[in-house]
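From first to last, the protein sequence lines stand for chains A and B. Each residue of the first sequence is one higher than the last, beginning at 1 in the UniProt record's numbering. Each residue of the second sequence is one higher than the last, beginning at 1 in the UniProt record's numbering.
One thing to keep in mind: the hints can contain errors.
Some residues of chain B that are not near chain A, with every Cβ distance over 12 Å (derived) [what the hints assert, rightly or not]: (1) E127; (2) L129; (3) K134; (4) R161; (5) K223; (6) S288; (7) C307; (8) V322; (9) E345.
Here are the simulated EDC-like pairs of lysine to aspartate or glutamate, each with C-alpha atoms no more than 20 Å apart in a straight line [stated by the list, open to error]: (10) K434(A) x E22(B); (11) K334(B) x E354(B); (12) K77(B) x E22(B); (13) K475(A) x D64(A); (14) K236(B) x D407(A); (15) K500(A) x D490(A); (16) K238(B) x D407(A); (17) K236(B) x D401(A); (18) K51(B) x E83(A); (19) K236(B) x D490(A).
Chain A regions said to be covered by chain B (calculated; three or more residues, Cβ under 8 Å) [unchecked claim]: (20) 60-69; (21) 240-254.
These aren't lab readings, by the way, just hints derived from the structure by calculation. The beta-carbon is built from N, C-alpha and C at its ideal position, and this holds for glycine as well.
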Amino acid sequence: MSSSNLFKATVNEYLEGLPKTVQSKLYEAPATCLSIYRLLSPMAKFFIMSMIFNEKPVALRDLDKWCMPSARKLEYEALKQLESLHLIEYDSKASHIRLHSTFRQNFRDCLTGSQDPTAFGSISTTVDKHQVDVAFLDSFASSKWETILHFMVGTESTATPSNSVLSLLRLGGLMEGPGRGASNLKITNTGFQFLLQDVNAQIWTLLLQYLNLTQELNMDPVDVLNFIFVLGSLELGKSYAVSSLSETQVSMLADLKDYGLVYRRTDTSSRFYPTRLATTLTSDSSALKTPAMAVEQALDSVEGGTDNEVSQTAPPGNIQGTVIIETNFKLYAYTNSPLEIAILNLFVHLRTRFANMVCGQITRESIRNALYNGITADQIIRFLETHAHPQMKVLAKEKLDKKIEFDTSHNINTAGGAPQSQALRADGSVAQHKLEILPPNVVDQIKLWQLELDRIQTFDGYLFKDFPNQQEFDKLSSYASELGVLIWSDKIKRKFFVTKDGMSQVADFANRKLKSRGQ
Amino acid sequence: MEAISERVFTEPTSSSEAISDEPSLLTIILDISPLGWYKLRDLMTLEEMTKNLLVFLNAHLALNNSNQVAFIASSPKGSRFLYPNPAKSYQEVKVSDGATSARDFVNKGMYRQFRIVDKAVLEELNEFLNEINKDQDDTMLADPASKLSGALSMALTYTNRMLTLDQSITTTTASAIASTTSSSASAASSTATGAGGASSGSSSTSMKSRILVVSANDDNDVKYIPIMNTIFAAQKMKLSIDIIKLGDEENSSYLQQPSDATNGIYLHLTDPRGIIQVLSTAYFIEPSLRPFIILPTNSNVNYRASCFITGKAVDVGYVCSVCLCIMSIIPDSKKCPTCNSQFDERIIHQLTKEPEVVKKKRKIDSK
């Protein structure tokens with residue numbers, strides 16, 4: 001979950017940073033509207049949907065009334081997000097908001113199906129002489145992508161990715177090195193972090209770099225972004241006509257082919273196929289695979305095929321998790337995929353290597369090394385969880401079942417028979433027992449090791465002080481905490497500290513309150 | 001640094017992800033009983049309603065790539081899944097674009113996910129209506145009551161399956177979420193499945209669900225007991241049942257109760273025109289948003305129960321002391337119709353005493 005939010009956050013950040021004119025142009029494409037909509041927070045989605053079939057501007061006060069008082073912060077964040085994307089416009093008195101008219105029109109058309117029929121790519125009507133199937137596309141995509149990953153880890157005997165990929169890796173700070181030669185490049189700390197992300201986040205990282213690059217090449221970012229978002233809504237296994245693309249987009253095809261996002265037989269072919277990497281661009285990343293899994297799956301799918309060196313690097317038929325961790329921090333991984341071993345090596349002290357497995361120990365030093373490289377504890381834990389050996393999962397499941405059974409037999413309130421009003425509230429009671437795949441002591445210890453490193457946190461923000469009376473202080477500080485922007489407060493000294501973003505809101509509120517008192 | 005006292009330090013980053021953006025399942029139950037729609041004929045046709053609901057389904061699918069939908073039509077002849085229909089492969093539907101048998105509403109260039117669902121629903125609905133028309137003889141006239149409770153049970157079983165079963169099964173039955181997501185989901189789940197079915201723990205919590213019922217029917221057609229049973233099932237599964245009641249009769253208490261008991265939304269629309277606005281606001285509150293949004297629902301719900309014997313609504317009645325079965329009359333057999341327990345003769349005698357008996361009592365008292 002954290003990584004899906006991560007990629008959403010980075011994409012959103014990029015979109016929010018675009019100038020308004022560019023954003024407005026983006027909203028002219030229905031596919032882009034849909035993709036951007038999917039990237040929003042749930043609350044923002046709800047606000048948009050409530051305005052989309054409403055002709056009149058909506059009063060902000062009405063939105064306030066929709067939300068529970070406890071959700072003030074979410075509402076504030078949603079509105080802020082929409083505002084920075086210019087999806088909503090305030091009227092002169094800032095009491096009503098309306099949706100961006102182009103966005104509204106296009107998104108509505110998209111929902112009712114009355115948009116331009118080619119908005120989601122135009123399928124080639126003619127029959128392809130060199131028809132390719134989904135399996136081929138999958139293997140094509142993963143072999144391309146895997147080449148990049150293997151190159152980053154420095155696996156020997158792998159092909160070097162194309163120059164455009166290399167320059168992206170360098171631009172994104174994922175790899176660095178003197179000279180232009182590929183052999184001089186070395187992976188950086190950000191590169192290590194990159195490896196632990198899931199495929200979707202990785203692709204987006206590269207694509208955002210690509211966007212920066214295209215701006216330097218004077219390519220229209222709107223065209224580029226639109227194409228990326230359209231790619232996300234194409235159908236896997238169908239071929240699309242190149243003729244319906246703009247010039248910029250055609251020139252992108254070659255680059256995207258290098259990343260394995262699209263397949264085009266030759267550079268002059270009149271059609272292209274999106275691969276799975278492309279069609280899942282805007283989807284939930286929970287449905288996606290982590291790099292090592294992706295690679296292994298790809299290897300699996302190549303099994304029968306005649307792909308050259310790929311099938312030799314690791315045995316096929318080994319898609320499942322491979323890692324076993326014991327409560328004494330010993331780790332066994334039944335794998336000989338160089339990529340997975342390289343990733344494990346980032347945070348495990350590997351001791352012995354056998355034909356089909358590696359053993360190692362998680363130590364404070366090994367974890368600290370990873371943390372110094374910018375890898376977070378959550379990333380490590382998530383990696384271990386997704387790669388856990390099936391046997392560990394079975395064990396965890398059995399334990400969970402036992403716990404639940406115990407609770408129900410002792411009539412401790414968990415899922416069933418609880419009074420409805422309670423049971424439906426935020427369903428915290430359901431999550432009382434979680435499936436613990438990893439030994440809890442290991443998880444806790446990894447988290448503690450991370451905490452050791454962040455003893456000091458810094459925040460940018462503003463200090464409010466010199467309140468004339470306690471009442472005023474209470475009012476403002478409670479407002480700030482409702483918004484979720486309060487970082488620190490001291491009741492006795494009547495001082496509090498808010499984040500940078502929250503400053504204007506709190507100041508507005510303060511002005512309003514003080515003014516109303518003056519009158 | 002000053003003395004550490006009375007300080008509040010909150011980390012602004014920690015709680016920012018309060019809402020999870022999880023995929024959710026929306027099941028729509030459309031009551032197509034002819035009687036109710038006949039009454040509405042001046043305001044809205046079934047076709048228009050279906051179109052609006054399809055837009056609503058699209059909106060739900062637009063929320064999240066992994067969102068799922070199901071559509072059930074309920075008629076006096078029975079209920080049926082319009083989408084997903086296990087007997088059909090949606091790949092075929094997709095390829096047969098040339099046939100254009102579906103209505104104009106389904107644009108060929110529509111977003112893939114939307115198109116597949118919309119087309120399937122429209123085609124199946126037409127088929128279903130034709131079937132109903134064909135053998136419109138006595139079966140329907142004999143029992144015009146709506147089969148809403150049946151449809152609700154179908155929705156619940158489907159939801160249960162989606163929630164608890166492993167995702168790979170999901171993708172084979174509802175292969176609609178076309179090739180991309182389905183196979184990547186199955187790829188993900190194949191890793192999760194590991195040692196056969198061990199994964200359900202992780203996948204079961206990831207999906208939220210709700211049911212939307214659209215009904216234009218009269219109150220007394222709805223069977224009380226089956227509905228109550230579905231309510232309890234829904235409560236256990238923690239899913240909300242939202243209800244749209246069309247038509248100009250007074251509020252339907254039997255339809256109100258499910259939504260009230262499951263934290264759902266109940267609205268009574270006398271004029272269904274412009275219903276899409278209602279759908280996209282009041283009924284668009286995702287389960288994950290429910291704790292944060294004030295639901296537009298009516299607080300005074302009529303918790304009327306119905307008699308287990310006659311099926312009529314009761315205001316004052318008898319209750320079986322063993323199983324709490326509600327009766328408006330005392331059965332001739334002097335036995336509870338549900339649990340078969342024998343009623344106490346004396347108590348029945350007391351209950352059936354004529355008012356004049358009371359008079360006697362007073363006389364006794366006065367003496």
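These are the hints, each one checked on the structure:
Taking the minimum C-beta to C-beta distance to chain A, about 21 Å, the non-interface status of E127(B) holds against the 12 Å cut. Annotated as non-interface, L129(B) keeps its C-beta farther than 12 Å from every C-beta of chain A; the closest such distance is 21 Å. Listed as a non-interface residue, K134(B) keeps its Cβ farther than 12 Å from every Cβ of chain A; the least gap is roughly 30 Å. With 12 Å as the threshold on Cβ separation, the claim that R161(B) sits away from chain A holds: the shortest Cβ distance comes to roughly 17 Å.
No Cβ of chain A comes within 12 Å of the Cβ of K223(B); the nearest lies about 22 Å off, and the non-interface call holds. A beta-carbon of chain A is positioned within 12 Å of the beta-carbon of S288(B); the least distance is around 6 Å. Listed as a non-interface residue, C307(B) keeps its Cβ farther than 12 Å from every Cβ of chain A; the least gap is roughly 25 Å. Every Cβ of chain A is farther than 12 Å from the Cβ of V322(B); the closest lies at roughly 20 Å, confirming the non-interface assignment.
For E345(B), the non-interface assignment is confirmed: its Cβ lies about 36 Å from the closest Cβ of chain A, beyond the 12 Å cut-off. Restraint check for K434(A) and E22(B): the C-alpha separation of about 17 Å stays at or below 20 Å, so the hint holds. A threshold of 20 Å between alpha carbons decides the hint, and for K334(B) with E354(B) the separation of about 18 Å falls inside it, so the pair holds. Between K77(B) and E22(B), the direct Cα distance comes to roughly 36 Å. Violation of the 20 Å bound is thereby established for this hinted pair.
A C-alpha spacing of about 19 Å is found between K475(A) and D64(A), which places the hinted pair at or below 20 Å, so the restraint holds. With a C-alpha separation of about 16 Å, the suggested pair K236(B) and D407(A) falls inside the 20 Å cut-off, and the hint holds. For a cut-off of 20 Å, the pair hint linking K500(A) to D490(A) stands: about 18 Å separates their Cα positions. At roughly 19 Å between alpha-carbon atoms, K238(B) and D407(A) fall within 20 Å of each other, so this suggested pair holds.
For the suggested pair K236(B) and D401(A), the alpha carbons sit about 18 Å apart, so the restraint of at most 20 Å is met. Straight-line distance between C-alpha atoms of K51(B) and E83(A) comes to about 32 Å, which puts the hinted pair past the 20 Å bound. A C-alpha spacing of about 45 Å is found between K236(B) and D490(A), which places the hinted pair above 20 Å, so the restraint is violated. Under the rule that three or more residues need a Cβ within less than 8 Å of chain B, the assignment of the segment 60-69 of chain A holds, with 4 such residues.
Taking a C-beta to C-beta cut-off of 8 Å, the segment 240-254 of chain A contributes 0 residues in contact with chain B, too few for the three needed, and the coverage statement is violated.
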